Amino acid sequence: MMLPFDPAAAVLVIPIVASALLAFLPGYRLSARVNMLASFITLASALLLFNERPERGEFLFVDDLNIVFIVLNTFVSFSASVFSATYIAHEIEIQRLKLPYVRFYHAMYQLMMFGMNLALVANNIGLMWVAIELATLTTVLMVGIYRTHEAIEAAWKYFILGSVGIALALFGTILVYMAARPVVGEGFEGMIWTTLIANVAKFDPALLNVAFVFLLLGYGTKVGLAPLHAWLPDAHAEGPTPISAVLSGLLLNVALYAILRFKIMLAGNSGAIAPGTLMVSMGLGSLLFAGFMLYQRRDIKRLFAYSSIEHMGIITFAFGMGGPLANFAGLLHMVMHSLTKSAIFFTVGHIAQVKGTQKIADIRGLTVTHPVLGWGLVLGVVAIVGMPPLGIFMTEFLIVTSTFAREPGLAVLLVVGLLIAFGALFGKLGSLAFGEPAGSLAPVEASYAPMFTHLAIVLVAGIYLPAPLVEWFQHVAGQLG
Amino acid sequence: MANLTLDVAHLLAGGLVLMSFMLLYQDRLYSLLNVFAAHACVLALSVAWQAYSQNAPHLYVTAGIALFFKGIVIPVSLHRMVMRLGIHREIENVVSIGLTMLAGIGLVALSMVVMLRAAATADPLAREDLAFALSVILLGLLMMVTRRNAVSQVIGFMSLENGLVLAATGAKGMPLVVEISVAFSILIAFIVIGIFLFRIRERFDTVDVSALDRFRGERQ
Chain A
1 MMLPFDPAAA
11 VLVIPIVASA
21 LLAFLPGYRL
31 SARVNMLASF
41 ITLASALLLF
51 NERPERGEFL
61 FVDDLNIVFI
71 VLNTFVSFSA
81 SVFSATYIAH
91 EIEIQRLKLP
101 YVRFYHAMYQ
111 LMMFGMNLAL
121 VANNIGLMWV
131 AIELATLTTV
141 LMVGIYRTHE
151 AIEAAWKYFI
161 LGSVGIALAL
171 FGTILVYMAA
181 RPVVGEGFEG
191 MIWTTLIANV
201 AKFDPALLNV
211 AFVFLLLGYG
221 TKVGLAPLHA
231 WLPDAHAEGP
241 TPISAVLSGL
251 LLNVALYAIL
261 RFKIMLAGNS
271 GAIAPGTLMV
281 SMGLGSLLFA
291 GFMLYQRRDI
301 KRLFAYSSIE
311 HMGIITFAFG
321 MGGPLANFAG
331 LLHMVMHSLT
341 KSAIFFTVGH
351 IAQVKGTQKI
361 ADIRGLTVTH
371 PVLGWGLVLG
381 VVAIVGMPPL
391 GIFMTEFLIV
401 TSTFAREPGL
411 AVLLVVGLLI
421 AFGALFGKLG
431 SLAFGEPAGS
441 LAPVEASYAP
451 MFTHLAIVLV
461 AGIYLPAPLV
471 EWFQHVAGQL
481 G
Chain B
1 MANLTLDVAH
11 LLAGGLVLMS
21 FMLLYQDRLY
31 SLLNVFAAHA
41 CVLALSVAWQ
51 AYSQNAPHLY
61 VTAGIALFFK
71 GIVIPVSLHR
81 MVMRLGIHRE
91 IENVVSIGLT
101 MLAGIGLVAL
111 SMVVMLRAAA
121 TADPLAREDL
131 AFALSVILLG
141 LLMMVTRRNA
151 VSQVIGFMSL
161 ENGLVLAATG
171 AKGMPLVVEI
181 SVAFSILIAF
191 IVIGIFLFRI
201 RERFDTVDVS
211 ALDRFRGERQ
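Same order as they appear, the protein sequences are chains A and B. Our numbering applies: residue 1 is where the first sequence begins, and numbers increase by one. Our numbering applies: residue 1 is where the second sequence begins, and numbers increase by one.
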């Protein structure tokens, strides 16, 4: 089937056009709809990529790996835009957000989508870097949108740490170019993924090693790996909740995608260090650290932000272990985590709105006062801690068993980390969802569709994964080395 | 001629490292801004020399951005901002100058050891350029860690970024250098506007524990 347009270009052009349009559209109702529509069309064109893959260009390319990220990215951003419409309507009603800011918010939302999609389809390490910087800047602006003291501090912290992170990543990028230059020649060729991957065996391994350390630290800051995670909980807690959902569900993945690409590159050079060891230790460190930190949280959005650090740690660990099974599990875990965590943030957003607070101590007995939200939260937490039969159980099980077969010591640490986080989240859930109700009993105007769609997918994936999907993921996992 | 190229490039890159050291011990904001302006001018000279010796005219654009934007516009506007915020008289408690300088020397030694060994096969000009650039980057990071004032933190970040530009221009024939330096300038403009709009004085983690608790939203 021939399409009259290039779907890879469409996932970039639609958000940028929508962003420009939304910057000028007055009226919140219309712009929320345009936002949803644009996200939906982007999702549709991302799905078309399965059918027709564009040629590898100098700037853009689509392969089996990034197509998974692009589809996940556009899907979650579409459901987040549906949630965002209800959420923002409530924020306007209680006058927490003024209309000009809402216009700005919608324009930034699409611009962020553009940045993330560009980072995913870029065939050029320099272009990818610029795209991640753009996505960071737009999220910084959205985190600070409430203009409260806390929001501005959170945005500032995110900004400075994010900038240092991308600065280090740029140095790593320059080093990769330096390593490539003697082999592939000067100019653009030295920054093109496909050329780099094809020639990496002849690169200077010492330079590649140093480059990878900088790239891991730089992009790792954006993934939220401990000890570079300090911006993450604040940015999640103080910004609008749709942005928390998108940050956790998508932006962390985009940064992880960058690390994965460089890991594949290093794997092609026999003289270079095995990047897995570094990733395993950072991932395990993040998991254990976040697990303990979960116990002290008093703010519901911060609680789930730390849970995101924990899961990014698990995913980094899995990719660090490598091998077909661990990569398969890591990839699937990433998808499941994105879906579950954004569903949880959708629920938490409505809960915080109806209760008027984010403090865990002030939210009690949700299953009594708001049964749908309460049970939605219970289901979400059950999914995120990895209870059977949901999707995350399956992926965590795969990661643990594949680790046991190779490094039993590491597997024990992994299980300990998982159990610590399990205890913390369940302890908090007990007081949130059950017990004597506290706080507002007002009925809630919520959009349940996005969160239950996500949770339904996670549930179904835990029980039954269609064979073509399994094959696809196995194929991609094989490429990851 | 080849030697002259190498020597001048060395001189300028070494000058940038020296300027980074000078930034470390300035305890008044105005003098800090002046030294940063000089830092940017040395960078502009160094980039212009690379443009000349590599015969890459587009690098003159990067040099121009460094000179005009970071050497003039940013210091002047920060100067005004410091005056408006009323923090020009403040003397910063830099964590013991002696210790900071020693740490700085250690970082420079580290970057020499790492880069000279890692880039052993690269041509000498690029290799030593990279070692100097990494020193400037690490010194910038050190400055960001030791300062509490938002303005001096931003200066630390900008000196770090100058190191990146030095590395990027030293990598012969690297594409997108001009675009990346423009992207960075936009980033810095954002930061500077951010300081001004939100009147941020202190850096994100103050030593005041009560402020931390409030900020984390974790107090009952």
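Since the hints were made in silico from the structure, they are not lab data. Among the clues, some could well be false.
Straight-line distance between alpha carbons at most 25 Å, and here's what the computed SDA-like set of lysine to any residue pairs gives [said to hold, decoys possible]: (1) B:Lys172 <-> A:Pro182; (2) A:Lys202 <-> B:Leu67; (3) B:Lys172 <-> A:Glu58; (4) A:Lys202 <-> A:Glu58; (5) B:Lys172 <-> A:Phe59.
All of these numbers come straight from a predicted model, not from anything done at the bench.
* To do: Verify the proposed pairing of Lys172 (chain B) with Glu58 (chain A), using a straight-line Cα cut of 25 Å.
  => holds (20 Å)
* Asked: Does the structure keep Lys172 (chain B) and Phe59 (chain A) at a Cα separation of 25 Å or less?
  -> holds (21 Å)
* To do: Please work out if Lys202 (chain A) and Glu58 (chain A) have their alpha carbons no farther apart than 25 Å.
  => Between Lys202 (chain A) and Glu58 (chain A) the Cα gap is close to 21 Å, so the pair holds against 25 Å.
* **Pairwise hint evaluation, Leu67 (chain B) against Lys202 (chain A), where the allowed Cα distance is 25 Å at most** => violated (38 Å)
* Asked: Taken at face value, is the distance from the CA of Pro182 (chain A) to the CA of Lys172 (chain B) at most 25 Å?
  -> holds (10 Å)
Hint compliance for this structure: hint 2 alone is broken.
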